[in-house]
Each structure stands twice: as structure tokens, then as C-alpha cells.
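J.: Line by line, the protein sequences give chains X and L.
Number 46 in the working numbering belongs to position 46 of the first sequence; there are no gaps in the numbering.
Start counting at 1 in the second sequence, then tack on 1000, and there's your number in the working numbering.
Hints listed in this document are in silico derivations from the structure and should not be mistaken for laboratory results.
Any given hint might turn out to be false.
[What the hints assert, rightly or not] Derived pair list, reagent style SDA-like, types lysine to any residue, alpha-carbon separation capped at 25 Å:
#: 1; chain 1: L; residue 1: K1112; chain 2: L; residue 2: K1055
#: 2; chain 1: X; residue 1: K301; chain 2: L; residue 2: K1197
#: 3; chain 1: X; residue 1: K113; chain 2: X; residue 2: K301
#: 4; chain 1: X; residue 1: K36; chain 2: L; residue 2: N1061
#: 5; chain 1: X; residue 1: K26; chain 2: L; residue 2: L1079
#: 6; chain 1: X; residue 1: K38; chain 2: L; residue 2: K1103
#: 7; chain 1: X; residue 1: K216; chain 2: X; residue 2: R163
#: 8; chain 1: L; residue 1: K1055; chain 2: L; residue 2: N1097
#: 9; chain 1: L; residue 1: K1197; chain 2: L; residue 2: A1050
#: 10; chain 1: X; residue 1: K122; chain 2: X; residue 2: T32
#: 11; chain 1: X; residue 1: K37; chain 2: L; residue 2: F1046
#: 12; chain 1: X; residue 1: K26; chain 2: L; residue 2: T1108
#: 13; chain 1: L; residue 1: K1156; chain 2: X; residue 2: T32
Owing to the predicted nature of the structure, the values given are computational and were not obtained by experimental measurement.
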Amino acid sequence: MKNLLLILVAFCFSISKVFAQDDLMKMLEDETKKDKKKEFATATFKTSRLINGHSIENAAAGVLDFKISHRFGMVNKGGYEMFGLDQATMRIGLDYGISNRLMVGVGRSTFQKQYDAFGKFKILRQSHGGKGSSPLSISAVSTVMLKTLKWEDPTRKNYYTSRLSFANQLIFARKFNEGFSLQLMPSFIHNNLVQGSTDPNDIFALGVGGRIKLTKRLSFNAEYYHVLPISVVEGEGYMIPGTKNSLALGFDIETGGHVFQLHFTNSTGMTERNFITETTGDFFKGDIHFGFNVSRVFTIKEKRKKK
Amino acid sequence: MDQFRITKQLKLMTMKKIIFLSFFAALAVLSNAQNVQMTKTGKISFYSRAKAIEKVEADNNEVSSMLNTQTGQFVFAVLIKGFHFSSALMEEHFNENYLESNKFPKSTFNGKISDLSAINFTKDGVYAITVDGDMTMHGVTKKVSTPGSITVKAGKIAAFSKFNVKLKDYNITVPSLVADKISEEIDVTVDCKYEPKS
Chain X
1 MKNLLLILVA FCFSISKVFA QDDLMKMLED ETKKDKKKEF ATATFKTSRL INGHSIENAA
61 AGVLDFKISH RFGMVNKGGY EMFGLDQATM RIGLDYGISN RLMVGVGRST FQKQYDAFGK
121 FKILRQSHGG KGSSPLSISA VSTVMLKTLK WEDPTRKNYY TSRLSFANQL IFARKFNEGF
181 SLQLMPSFIH NNLVQGSTDP NDIFALGVGG RIKLTKRLSF NAEYYHVLPI SVVEGEGYMI
241 PGTKNSLALG FDIETGGHVF QLHFTNSTGM TERNFITETT GDFFKGDIHF GFNVSRVFTI
301 KEKRKKK
Chain L
1001 MDQFRITKQL KLMTMKKIIF LSFFAALAVL SNAQNVQMTK TGKISFYSRA KAIEKVEADN
1061 NEVSSMLNTQ TGQFVFAVLI KGFHFSSALM EEHFNENYLE SNKFPKSTFN GKISDLSAIN
1121 FTKDGVYAIT VDGDMTMHGV TKKVSTPGSI TVKAGKIAAF SKFNVKLKDY NITVPSLVAD
1181 KISEEIDVTV DCKYEPKS
């Protein structure tokens, strides 16, 4: 009986002791669980461009993103053209994050001597935990493009506005997990002037793109824009004759402050109008451009630290 | 008959004792709770000493910690996403590539003040301490022993500590390309002001 009593006493004390030990960590966990905050999905993609077009990402507030994009000629041009490496088209651009939701950018392309400017706004951000979390991120991008090639026919009356094109896109994106992100990009492009009388001025397209992360600093990306058979004006086609849908496959390589994007695409231009509506190459016949984008970010305005 | 009564009485006594002891044990737990000091706004900051153009440093002002002044138990829970850098990209890389905060969202420490008797929590002063325990970071748990100090001022308790963390110990790898920008050892500063837990 006495032995039993001793055991019981020891048991009681050991329980209280064990309980007290674990208790503190558990207590802390309970306390921190109480005020769980909403968490936004970050780094759905590595940079603000998927390949040719926009990804859901923005440059962060106060960050300047300097982008050089480059497309070589088509690889099926043979050895004489060094499989396309003899030709190149370029776009130099600067993006700036005004806030964590709003980014603006300008660029100049050698292709058609074109200027472009865009604004991109994060409408909704994917989040979990807390109130009002969202399974999706949604952004809107609006781009203005200005061709400055010499007029084809200077003798006729040419309007300045004829040089302008507009692109509006919505981007719906979801980061499913660390390794896989997907986005849909319904797009609308308006060209003020088109070549043929039955060429459409308004073109609708649906883009789909995604990435698979191969390692922490390397990912495989794919991007495809399908022009939709919607014509606004009766008798017009929905696609500019002779054009193809844009397909691009590539890799993102991240090294500190740089992101290198290496890819293969059938598109030559690097703005929405160019690759969505004016792609002439057939990817499956070898009309493929090797290309790269280099992104280098500079923190212009430091984030104010929370004190 | 008599013997039965005695046995019964003995049993009753034992029961009483057990109840009493259990009560006492429960009381011990309860009194432990009363000695718990807590903060949710503790500060942990770190910086990398490598000679880089851009300073690699971050602050976390949402550190949760509890200290039991009676047992000397000391616990910390730190959300990795709570570390904020002056550069957004650095913060992204810190979360994505180094600490992998989606996989390992929290870093914890569970330890004990080894020389608790040297501290008088009712008397103002600065007491040098050593804390031994398990630090978990990036999914790796390591036994650590860190020096620090406890400051008691007007009944308020504060803890301060400065120590090094070797990235290698916690399976955090720095690619050779940026090795000159991030040093292998990170200086960590802990600064917490406690309030009694209600």
C-alpha cells in the first residue's frame, strides 16, 4: 500500500512537471494562433513577365526593374544566318513599382520602332488565413503602343492616331504550391489602323501560362495565347491573315538581383499587340526565335521599416 | 469485521492523501502559470557581416516569447515571414530560397535559463544569464547555449541576447554566385520586453 502511494505521489508530481514544461511552448502556440494574420501568396512567378507577356507579379513599391529583352532570328534559317543568331530584335524597358499594387512601365522596341507604356494594377491578391482570403490573384494591365516607322505612303493623309494600338488584359493567377503556378489572361487588343479592309481592328485572345519550379532558382515556363473567333464587325476576320497563335517555352534563372529568362517562341515582337496579333511564325515548322529577357532590379526607395 | 473497518479507513486516508496531493500538483501548475511572462512584440534582428554593397539585414518586431520565472523555462516562436528587409527582393529571396518559409514558416526556441538562482526577479538589476535549449530553424533542430542578460526594472522584465548562427548548421546554403554578399555566419540580436501573462 505504501509503495503504491509513493508511486502515485511520484506520478502526480511528474505529471505536473511534464505538464508545466510542455505547457509554456503550447501556451505560446495557442497565443500566437489566436492572432493569425492573413498571408498573401508571394512569388507566384519570378518576375513581372512570364515570357513575352505579363505575369501576375509586379515590381515592389519603390523598385525599378530594368529589362532588356532580345529575340534572335528564326532557328530554321540555316547555317548562313547562324540559325537566327545573326538577326535580333530588342526591347529596352523600365518598370517601376509606385505602390505594392500599382506598377507602371515604358519601353522601346526595335521591332517597328515602337514605344510602349503600361499601367498594371493588382486588383486582388491570393491569400490564406484570416478574414476574406482569396484563392486567386487578379491584375489588370493596360498598354498603349506607338509605332514610329515612316509612313508607308507619305502622299496620302496620315493621322498620328493611326500609329496607336491598345491592349487590355486581365490576369487571373493562382500559386497552387511552391512548385506550380498557373494563370489565365483574357486579352483585348485594338489597332487603330490595320492593313487590309477586312482585317479586324479588335482582336480578342485568351492566354494561358504557367511555371513549374525545377529548383529553388530555376523554373520552366510556358505561355500560349489563343486568338478567339470573335469578330466585332461583320465581314471582318477575327485574326489578321497569315498570323498564328503565340507559343513560348522557356526557363527562368534567378541569380541574386537578376532574373534571366531564356526561351523559344514563334513571336518576334515583345509587346502585346506584336505577339498576340502579329505572330507570323509557325512554331511547329521551326519558325522559332531563341530569346532572352534580363531583369535587374534596383531599390530606389527603401521600404520604411516597421518600428 | 474490525479488520474490514481498518482497511476501509486506510483506504479512505489514502484517497484523501491522493486527492490532496493531486490538488497540490495542480496548484503547482497553476502557480507556474502565474509566473509566466509574455510578449508578442519582441524584436529579433539579424545582419550578415559580409562586405556587400547592399546590407543584408532584417527586423522582426512580432516575436512571441514566454518566460517562466519560477522554472526558468524560456520559449520563443518567430514567424519567418515577419522578418522585413529594406529591399523587397532580398525579402523574397530570404523567404523563397534561403529559409523556405512556406515549408518552414516558424522558427522556435525551447530552453531554460541555466543559472536561474542568480536572478532576483523582484530586485532591479541586470543579470547575466546563459540559456540552453533547442533551436529549430529551417526544419533543423540544434542544441544551443547562448549568453544573454535579464534586466529587471520596476518589476518589468526584459531579455537581451546577441549570438551567431552558422547557416550551414541549419542546412541553409548560399550559392557560390552570391557567396561574397552573404556571410556564413549571421549575427542575431534578441530584444524582448515582457509583461506578466494575465
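J.: Against this structure, judge whether each hint is valid.
T.: Status of each hint after checking the structure:
no.: 1; hint: L/K1112 with L/K1055; verdict: violated, 33 Å
no.: 2; hint: X/K301 with L/K1197; verdict: violated, 40 Å
no.: 3; hint: X/K113 with X/K301; verdict: violated, 32 Å
no.: 4; hint: X/K36 with L/N1061; verdict: holds, 15 Å
no.: 5; hint: X/K26 with L/L1079; verdict: holds, 16 Å
no.: 6; hint: X/K38 with L/K1103; verdict: holds, 17 Å
no.: 7; hint: X/K216 with X/R163; verdict: violated, 43 Å
no.: 8; hint: L/K1055 with L/N1097; verdict: holds, 18 Å
no.: 9; hint: L/K1197 with L/A1050; verdict: violated, 40 Å
no.: 10; hint: X/K122 with X/T32; verdict: violated, 30 Å
no.: 11; hint: X/K37 with L/F1046; verdict: holds, 23 Å
no.: 12; hint: X/K26 with L/T1108; verdict: holds, 12 Å
no.: 13; hint: L/K1156 with X/T32; verdict: holds, 22 Å
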